[in-house]
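Chains A and B, in that order, are what the protein sequence lines are. Take the first sequence: its position 335, counting from 1, is numbered 335 in our numbering, and each next residue is one higher. Take the second sequence: its position 281, counting from 1, is numbered 281 in our numbering, and each next residue is one higher.
Derived from the structure by calculation, the hints contain no laboratory data. Hints should not be assumed to be uniformly reliable.
Since the list gives no way to pick out one identical chain from another, each pair is judged satisfied if it fits inside one copy or across any two copies.
To be verified - Calculated cross-link-like contacts (lysine-lysine; reagent style DSSO-like; alpha-carbon spacing at most 27 Å): (1) 87 to 114; (2) 47 to 297; (3) 434 to 409; (4) 57 to 297; (5) 80 to 112; (6) 337 to 54; (7) 435 to 413; (8) 80 to 106; (9) 14 to 256; (10) 256 to 22; (11) 57 to 328; (12) 54 to 331; (13) 106 to 134.
These numbers come from a predicted model, not from an experiment.
There are 2 protein chains.
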Amino acid sequence: MAKNLITREEDYSKWYNDLVVKSGLAENSSVRGCMVIKPYGYAIWEKMQAQLDKMFKETGHQNAYFPLFVPKSLFEAEEKNAEGFAKECAIVTHYRLETDPDNPKKLRVDPKAKLEEELIIRPTSEAIIWNTYKNWIQSYRDLPILINQWANVVRWEMRPRLFLRTTEFLWQEGHTAHQTEDEAMQEALMINSIYAEFAEKHMSMPVIQGIKSENERFAGAEETFCIEALMQDGKALQAGTSHFLGQNFAKAFDVKFTNKEGKLNYVWATSWGVSSRLMGALIMTHSDDKGLVLPPKLAPIQVVIVPIYNGEQELDSISKIAEDIQSKLIKLGVSVKYDNRDTLRPGAKFAQHELQGVPIRIAIGPKDLENNSAEISRRDLLTKEIIDMGDLVEHIDKLLSDIQENLFKKALKFREDHITQVESFDEFEEVLNKKGGFISAHWDGTNETENKIKEKTQATIRCIPNNSSSSKGKCVYSGKPSNQRVIFAKAY
Amino acid sequence: MAKNLITREEDYSKWYNDLVVKSGLAENSSVRGCMVIKPYGYAIWEKMQAQLDKMFKETGHQNAYFPLFVPKSLFEAEEKNAEGFAKECAIVTHYRLETDPDNPKKLRVDPKAKLEEELIIRPTSEAIIWNTYKNWIQSYRDLPILINQWANVVRWEMRPRLFLRTTEFLWQEGHTAHQTEDEAMQEALMINSIYAEFAEKHMSMPVIQGIKSENERFAGAEETFCIEALMQDGKALQAGTSHFLGQNFAKAFDVKFTNKEGKLNYVWATSWGVSSRLMGALIMTHSDDKGLVLPPKLAPIQVVIVPIYNGEQELDSISKIAEDIQSKLIKLGVSVKYDNRDTLRPGAKFAQHELQGVPIRIAIGPKDLENNSAEISRRDLLTKEIIDMGDLVEHIDKLLSDIQENLFKKALKFREDHITQVESFDEFEEVLNKKGGFISAHWDGTNETENKIKEKTQATIRCIPNNSSSSKGKCVYSGKPSNQRVIFAKAY
Numbered sequence: 001m002a003k004n005l006i007t008r009e010e011d012y013s014k015w016y017n018d019l020v021v022k023s024g025l026a027e028n029s030s031v032r033g034c035m036v037i038k039p040y041g042y043a044i045w046e047k048m049q050a051q052l053d054k055m056f057k058e059t060g061h062q063n064a065y066f067p068l069f070v071p072k073s074l075f076e077a078e079e080k081n082a083e084g085f086a087k088e089c090a091i092v093t094h095y096r097l098e099t100d101p102d103n104p105k106k107l108r109v110d111p112k113a114k115l116e117e118e119l120i121i122r123p124t125s126e127a128i129i130w131n132t133y134k135n136w137i138q139s140y141r142d143l144p145i146l147i148n149q150w151a152n153v154v155r156w157e158m159r160p161r162l163f164l165r166t167t168e169f170l171w172q173e174g175h176t177a178h179q180t181e182d183e184a185m186q187e188a189l190m191i192n193s194i195y196a197e198f199a200e201k202h203m204s205m206p207v208i209q210g211i212k213s214e215n216e217r218f219a220g221a222e223e224t225f226c227i228e229a230l231m232q233d234g235k236a237l238q239a240g241t242s243h244f245l246g247q248n249f250a251k252a253f254d255v256k257f258t259n260k261e262g263k264l265n266y267v268w269a270t271s272w273g274v275s276s277r278l279m280g281a282l283i284m285t286h287s288d289d290k291g292l293v294l295p296p297k298l299a300p301i302q303v304v305i306v307p308i309y310n311g312e313q314e315l316d317s318i319s320k321i322a323e324d325i326q327s328k329l330i331k332l333g334v335s336v337k338y339d340n341r342d343t344l345r346p347g348a349k350f351a352q353h354e355l356q357g358v359p360i361r362i363a364i365g366p367k368d369l370e371n372n373s374a375e376i377s378r379r380d381l382l383t384k385e386i387i388d389m390g391d392l393v394e395h396i397d398k399l400l401s402d403i404q405e406n407l408f409k410k411a412l413k414f415r416e417d418h419i420t421q422v423e424s425f426d427e428f429e430e431v432l433n434k435k436g437g438f439i440s441a442h443w444d445g446t447n448e449t450e451n452k453i454k455e456k457t458q459a460t461i462r463c464i465p466n467n468s469s470s471s472k473g474k475c476v477y478s479g480k481p482s483n484q485r486v487i488f489a490k491a492y
Numbered sequence: 001m002a003k004n005l006i007t008r009e010e011d012y013s014k015w016y017n018d019l020v021v022k023s024g025l026a027e028n029s030s031v032r033g034c035m036v037i038k039p040y041g042y043a044i045w046e047k048m049q050a051q052l053d054k055m056f057k058e059t060g061h062q063n064a065y066f067p068l069f070v071p072k073s074l075f076e077a078e079e080k081n082a083e084g085f086a087k088e089c090a091i092v093t094h095y096r097l098e099t100d101p102d103n104p105k106k107l108r109v110d111p112k113a114k115l116e117e118e119l120i121i122r123p124t125s126e127a128i129i130w131n132t133y134k135n136w137i138q139s140y141r142d143l144p145i146l147i148n149q150w151a152n153v154v155r156w157e158m159r160p161r162l163f164l165r166t167t168e169f170l171w172q173e174g175h176t177a178h179q180t181e182d183e184a185m186q187e188a189l190m191i192n193s194i195y196a197e198f199a200e201k202h203m204s205m206p207v208i209q210g211i212k213s214e215n216e217r218f219a220g221a222e223e224t225f226c227i228e229a230l231m232q233d234g235k236a237l238q239a240g241t242s243h244f245l246g247q248n249f250a251k252a253f254d255v256k257f258t259n260k261e262g263k264l265n266y267v268w269a270t271s272w273g274v275s276s277r278l279m280g281a282l283i284m285t286h287s288d289d290k291g292l293v294l295p296p297k298l299a300p301i302q303v304v305i306v307p308i309y310n311g312e313q314e315l316d317s318i319s320k321i322a323e324d325i326q327s328k329l330i331k332l333g334v335s336v337k338y339d340n341r342d343t344l345r346p347g348a349k350f351a352q353h354e355l356q357g358v359p360i361r362i363a364i365g366p367k368d369l370e371n372n373s374a375e376i377s378r379r380d381l382l383t384k385e386i387i388d389m390g391d392l393v394e395h396i397d398k399l400l401s402d403i404q405e406n407l408f409k410k411a412l413k414f415r416e417d418h419i420t421q422v423e424s425f426d427e428f429e430e431v432l433n434k435k436g437g438f439i440s441a442h443w444d445g446t447n448e449t450e451n452k453i454k455e456k457t458q459a460t461i462r463c464i465p466n467n468s469s470s471s472k473g474k475c476v477y478s479g480k481p482s483n484q485r486v487i488f489a490k491a492y
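Please model the complete structure; the sequences and the hints are all you need to start from.
Structure representation (structure tokens):
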């Protein structure tokens with residue numbers, strides 16, 4: 001396995017791409033903008049899915065599945081939503097191929113098999129789902145509907161990047177229907193908290209929870225809540241959003257219910273999603289110039305054991321010990337690989353496990369046999385220590401928690417070091433260009449100012465953070481009065 | 001919930017469709033041929049997925065994800081495969097919508113956003129996957145590749161039926177690459193056994209394992225192995241197939257490897273899949289005129305507890321007991337719902353749980369409080385018994401196994417009663433029309449005869465069964481010599 005990566009300092013963007021490919025997470029496919037998620041990458045995604053799915057079910061949500069296709073007439077029903085996605089839609093126009101009369105070994109689109117109405121491949125499923133909910137909802141007894149879907153979606157992408165921005169991507173999308181505005185709002189906020197908890201506890205990735213400005217809101221939403229993370233190159237990454245949709249989709253699809261008092265009302269809605277983009281966030285939050293660094297809770301292999309031996313007999317003795325450790329750790333729920341391949345030298349194995357971000361490596365050699373010990377290396381700090389066999393299992397168990405926590409602390413420190421409060425637009429530009437990261441600044445609350453700042457600096461408002469206390473000040477750009485600081489950054 | 005179904009005898013096809021809709025498994029969507037899988041149906045599918053995924057992983061397979069789209073030039077590379085699917089392909093030709101100049105509230109396909117090469121929505125993924133494997137395989141060290149994918153696929157369907165035949169469906173598709181013919185063949189056979197074990201042990205659905213005739217083989221395969229089940233209306237249902245692909249795809253995509261002796265060889269391949277069609281098989285194997293009957297291993301809710309009470313105080317006493325039973329059963333891994341809704345009477349609840357096929361119902365009323373007992377009903381036999389509270393948990397646990405086994409035995413008896421050995425074509429037609437089911441008959445081994453029989457009777461060869469001993473005879477149609485009986489039936 002080719003090991004040497006370019007460093008982050010030399011070329012961050014190339015470092016990221018090479019890392020994704022060389023560590024076996026994903027690669028570009030022959031379909032422009034679409035990726036192949038390879039087994040190692042997919043195993044991480046499966047762990048993310050399992051945890052999120054558990055959290056959704058624990059809060060009363062059920063999974064279901066809706067069609068890949070949205071007929072154009074449904075797609076355009078909610079105008080803002082349609083407008084927001086129209087320019088990036090893959091469109092099915094025909095349903096049959098035929099033999100090419102000019103070239104009998106080739107196929108061509110059968111012109112007779114043209115669809116009467118084009119089908120849009122879902123870029124998001126509000127339209128098809130609300131058209132379905134219409135038939136499910138008559139009375140308040142039918143509410144709430146709390147449904148999630150794991151699916152692929154397609155948004156035509158002009159500048160694709162593995163995991164971060166791909167034409168097809170995998171995600172979950174929740175779509176809920178409620179009797180009251182307040183209940184829908186509470187749902188959107190609760191999901192925002194679930195996303196934050198998942199990011200921080202499982203991905204070890206600190207996030208700022210907040211509200212999007214009107215410019216950055218989901219097309220068709222009344223309010224978008226988000227979690228925003230900071231990558232090592234100082235750019236922000238939107239990691240998950242939940243939308244309070246008001247009655248927009250209910251009105252577009254005429255979904256009303258009879259309330260307890262017998263009155264007809266439009267239904268209130270939310271939608272929310274995280275995607276395989278989280279893989280990109282995970283990689284860029286923790287990894288280093290030697291390769292991936294994975295938080296133990298999401299690592300497909302948490303511990304690898306490498307034997308260092310001369311000859312069969314030594315291997316046999318080591319294997320006995322290694323398999324004993326393995327079985328003890330597995331009982332504790334730890335995933336352990338015993339890497340006894342005879343096709344690679346230990347050094348090459350070490351390099352591969354480093355590249356792939358296995359949190360803990362246990363090496364056992366002849367000296368360890370003598371001393372009844374093993375050498376433990378942790379991937380996050382690249383440190384080694386010799387541990388007595390008797391203490392090993394307990395040590396590893398504790399170490400996994402330590403690594404999980406240390407990664408969070410390290411990323412949090414980086415994030416805290418990269419939130420800069422600025423008071424003038426000169427300062428804004430200087431910080432953005434020299435230091436990067438999140439900029440906390442006063443803003444006058446207008447789209448106009450936000451657009452101007454974006455034009456001049458490429459920075460956008462990532463969110464109006466939840467925890468910011470109101471503080472009077474002057475907009476960093478217009479000088480007009482402002483009641484609160486917001487978070488700006490360049491973003492993925 | 002509307003309860004009354006039409007009976008199977010009155011209209012089997014309508015019974016099936018009504019059952020799927022009324023029990024809340026799935027419904028047709030506004031996209032022709034595409035269904036919405038509702039939460040209750042999806043929960044069964046999730047149980048199927050979890051078990052199959054476990055079996056695949058235990059046998060060394062890993063999950064990955066490949067693109068939804070197949071460029072036309074790749075799609076047509078393996079000619080037989082392309083020919084087999086060409087007539088049922090959804091085709092993406094454009095990647096953008098624009099505002100309709102004639103109607104600013106509508107959208108239309110942007111004629112400037114036409115793709116240079118059309119994209120086929122995968123009807124199956126051999127082409128895109130083998131084009132990817134090409135870059136992964138150089139040497140025998142890169143083999144075997146044992147990958148599975150959970151995905152949606154699209155095959156344009158003229159006569160759609162919920163679960164059984166839908167334009168979009170959910171499935172898993174395994175795609176493996178091997179050094180030798182024998183290894184690939186063993187893989188295809190092993191998967192055939194996994195499918196059979198899943199069908200019989202988890203779905204309680206007996207299957208015949210066998211080989212497809214050339215006519216019924218997967219387009220692009222050298223050999224197709226299958227499991228064939230029998231539905232209650234006497235029609236067969238192909239429940240899973242695994243294909244030995246020979247070197248067809250390796251040749252079409254030029255995938256060679258250097259073997260241990262340093263020689264270049266084409267790679268050997270398999271592919272295999274089961275789909276959401278299994279939901280249809282499950283429903284039609286066990287259900288009755290009162291609704292679904294589900295084997296406990298796949299039932300989203302295995303046990304429901306219904307309180308029968310007058311007034312709050314009685315409900316409180318029952319709830320205490322019910323919650324105690326529930327927590328004890330949950331500890332044993334049983335999924336239990338305590339149905340204490342105050343919006344429905346017990347009778348209505350009973351009807352709903354019957355319709356939805358909950359395997360065991362526990363009813364607790366005032367008499368049971370007095371006698372320290374509960375009434376247990378099993379869905380498969382529709383029988384009731386009074387059980388002492390002290391024995392209840394153990395009884396339920398055993399009963400779940402009994403039901404699982406009883407459903408299999410019942411379905412097996414039906415299947416055995418509906419395999420008829422015939423010696424003449426008159427007999428063939430008579431059995432097919434009057435009794436239905438599987439017909440075991442001698443066949444001369446030619447496509448021509450198979451096609452003639454299909455034309456005259458609509459019956460096809462479901463498989464050449466694995467366990468049939470060779471027996472000399474005469475083809476039931478042509479009178480030519482035959483070495484083995486094969487299984488004919490009309491099929492879904």
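Status of the hints after comparison with the structure:
In this homomeric assembly, residue 87 and residue 114 come within 27 Å of each other (Cα to Cα) both inside a single copy, at 22 Å, and across copies, at 13 Å. In this homomeric assembly, residue 47 and residue 297 come within 27 Å of each other (Cα to Cα) both inside a single copy, at 8 Å, and across copies, at 24 Å. Only within a single protomer do residue 434 and residue 409 lie at most 27 Å apart by alpha-carbon distance; the minimum there is 24 Å, versus 74 Å between protomers. Taking the shortest Cα distances, residue 57 and residue 297 sit within 27 Å of each other both inside one copy (19 Å) and across copies (20 Å).
In this assembly of identical chains, the alpha carbons of residue 80 and residue 112 lie at most 27 Å apart only when taken from different copies (23 Å versus 34 Å within one copy). Within a single copy, residue 337 and residue 54 get their C-alpha atoms as close as 26 Å, and across copies as close as 18 Å, so both meet the 27 Å cut-off. For the homomeric pair residue 435 and residue 413, the shortest alpha-carbon distance inside one copy (15 Å) is at most 27 Å, but the shortest distance between copies (75 Å) is not. In this assembly of identical chains, the alpha carbons of residue 80 and residue 106 lie at most 27 Å apart only when taken from different copies (12 Å versus 41 Å within one copy).
Taking identical chains as interchangeable, the C-alpha atoms of residue 14 and residue 256 are never at most 27 Å apart, the minima being 51 Å within one chain and 30 Å between chains. For the homomeric pair residue 256 and residue 22, the shortest alpha-carbon distance between copies (22 Å) is at most 27 Å, but the shortest distance inside one copy (52 Å) is not. For the identical chains of this complex, residue 57 and residue 328 are inter-copy neighbours only, at 21 Å across copies versus 31 Å inside a copy, given an alpha-carbon limit of 27 Å. In the homo-oligomer, the alpha carbons of residue 54 and residue 331 lie at most 27 Å apart both inside one protomer (22 Å) and across protomers (18 Å), since each shortest distance falls under that limit.
For a Cα distance limit of 27 Å, the shortest separation of residue 106 from residue 134 across copies, 22 Å, qualifies, whereas the shortest one inside one copy, 44 Å, does not.
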